[in-house]
Amino acid sequence: MTKQSNGTMLRSERARILGYEPLDEGDWVTGLHPMDDLLRGERLPHIWCQGCGLGTALTTFIGALQWLEKNQDWDLDKVSAVSGIGCTGRIAGYVRLDSFHTTHGRAIPFATGLKLANPELKVVVLSGDGDIAGIGGNHFIHAARRNLDITVVCVNNFNYGMTGGQVGPTTPHEARAVTAQYGNFEYPFNLPYLAAASGASFVARWTVLHARQLEWTLRRALAHPGFSFVEVIAPCSTAYARWNREGRGLDEQNLGRRGLETMKYYQQVGRTVTDAHPKDVDIKFNAKGEITEIIEGEFLDEAKPDLKAAMDQRDEHAEKIWLAEKDAVDNRTEIPARKDHIQRAEVKLGGFGGQGIISAGRIIGVAAAIYDKLEACFTQSYGPEARGGAAGSQVVISSDPIHHPHPVEPTSMIILSQGAYTKYVPSLAPGGVLVIDDSLVELPDDHRTDIDTYGIPATKIAEEAGTSKAANTVMLGFWTAIVGVVSREAMRQAVAESVPAKTIELNLKVFDIGFEHGEKIKT
Amino acid sequence: MSYWRQPLDRKRIQVAHGIVHIIDDRCKGCGFCIEFCPQNYLIISERSNSKGYHPPEIIDDQQCVNCGLCALLCPDFAIYIEDGGTRSPDKVSPIQKGDANQ
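Chains as they are written, first to last, in the numbering used here: chain A, 1 to 523; chain B, 1 to 102.
These are calculated hints, taken from the structure and not from any lab test. A portion of the hints provided could be inaccurate.
[As the list claims (entries may be wrong)] Partial pick of chain A residues on the chain B-facing surface, computed with a CB cut under 10 Å:
no., residue
1, L44
2, H46
3, Q50
4, G53
5, T56
6, A57
7, T59
8, T60
9, G63
10, E215
11, M263
12, L443
[What the hints assert, rightly or not] Residues of chain A clear of chain B, computed beta-carbon distances all greater than 12 Å:
no., residue
13, T30
14, Q72
15, V208
16, L209
17, H210
18, E261
19, D327
20, I335
21, R344
22, Q418
23, P426
24, D450
25, Y454
Positions of the beta carbon are idealized from the N, C-alpha and C atoms, including for glycine.
Using the sequences provided together with the hints, build the complete structure.
Set out below in structure tokens:
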């Protein structure tokens, strides 16, 4: 042990790392203790009260790190500590690791980002019960659900200590706190159970009194791949112990050391159970809110794929699909571009959800933009219902660049339902072309006379060919023949590209039926 | 006590030994080390440190068995143990009734 003599070395090394020599060292002389290597001497002594359990929690954490460094060749430059706000949140500022002191409750989101950006890092979240289970409760359960490979050490002192001892999510029922002077009427969380139910793969709990066991557990938790959660029960000597029996022991010398009295209390009520089910480990308390039993131990340790492993697996799968799609796009059939000039043509498609109105619009857009090499713009509008509600889509096609993507006055319309007829037909430009499905739309007596109307029993034709789902393709063939903005070959390619592989043949067949029908009517 | 028979292989029994170092000025007098020392050989000292707390004091520096619990429990990094090798106990005393619970 030559820590005393290399104290100056540490100081110069720190100066090299920080880039400056801290002027005010306070009354803390660093380099006297074996753990001073991992403490930021310029920030110490710490703020924790006499008898607070947080110092012990930090000691066990550093002890576990030193053991891992010595026995498992851990590189402590690859360990990062993240803390939220609160007394426990100070830990990030005291350990000489790369550390984050984050906003209240958001320690786990910061840790998630850190871990995902640099998977080599061992990320440890050290924060209080109010920070992790109270304000950051949602982040906690979701990190556990994803089985993100971080270690969460939650130091539970049963209240919000830093702000003066307000009641928190872990305060026992009927226990007193500054904001619960007549006893807390809420019930506390069972944190190990919450973690286990959310999907954590390592769950443990110790009081700081069992420092040795806690250190062993921290070693295992840090080395565990996946979300590991350690609840550390620590006395809050100033706030919680003031109001509750834990701090009022039989102190013969009346030294007012409530932290010590609480530790002695933990000695009485702590019970080590090695393989308890997390649901049975809630902290037992009596009608006066006095803790009667704290079950301690490691409750869960299972091997589960962590978030990184699951993401990598998904990446492999996604890459295969992506490559196949890229292949299909690269090997698209080229057809000669349209030479003639197309004026701005606006197509409006209307019907109800499930008829393929949106995909029909998309097919027109693909045919025009990719195969005919025109300019095209496709927009869609539909209600909250995926099927059964009104659906519409719009395509604007032109040889010139399109400056306004939405139709101003549609020049042609494809209508597949009575509702869409009522809604859209009044906006059709005079002299425009209306294409309807005869079998679904009935023309009223006051039908517009300034437009050209063409009908085809598309649904019937599609049903005869095999499936009513292909009605939109029939309409597309019919519309292509009558309006002629997009070439037949381009439409056929776009249809083949857009429909499921099994139905390509059928769709092309009904497209041709629709097209020939249109040609016949036109002449 | 001296009438107790001593085992013949007493010399071969080796007990771990630790040298306790107390950094007085870091102590906040919480009393964890004194209360939970398994050998019960730390007491509150009469002197006070620069903050006005009474740091712990060693009664008998031969009794430490290098368990390290005081160093691990101390919240203020004010106490640690140096490995002092092993030593043969001077005598083996019988376990008194009730000792195990203390």
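Mind listing which of the numbered hints don't hold for this structure, in increasing order? Of the numbered hints given earlier, those the structure breaks are 12, 13, 15, 16, 17 and 18, listed in rising order.
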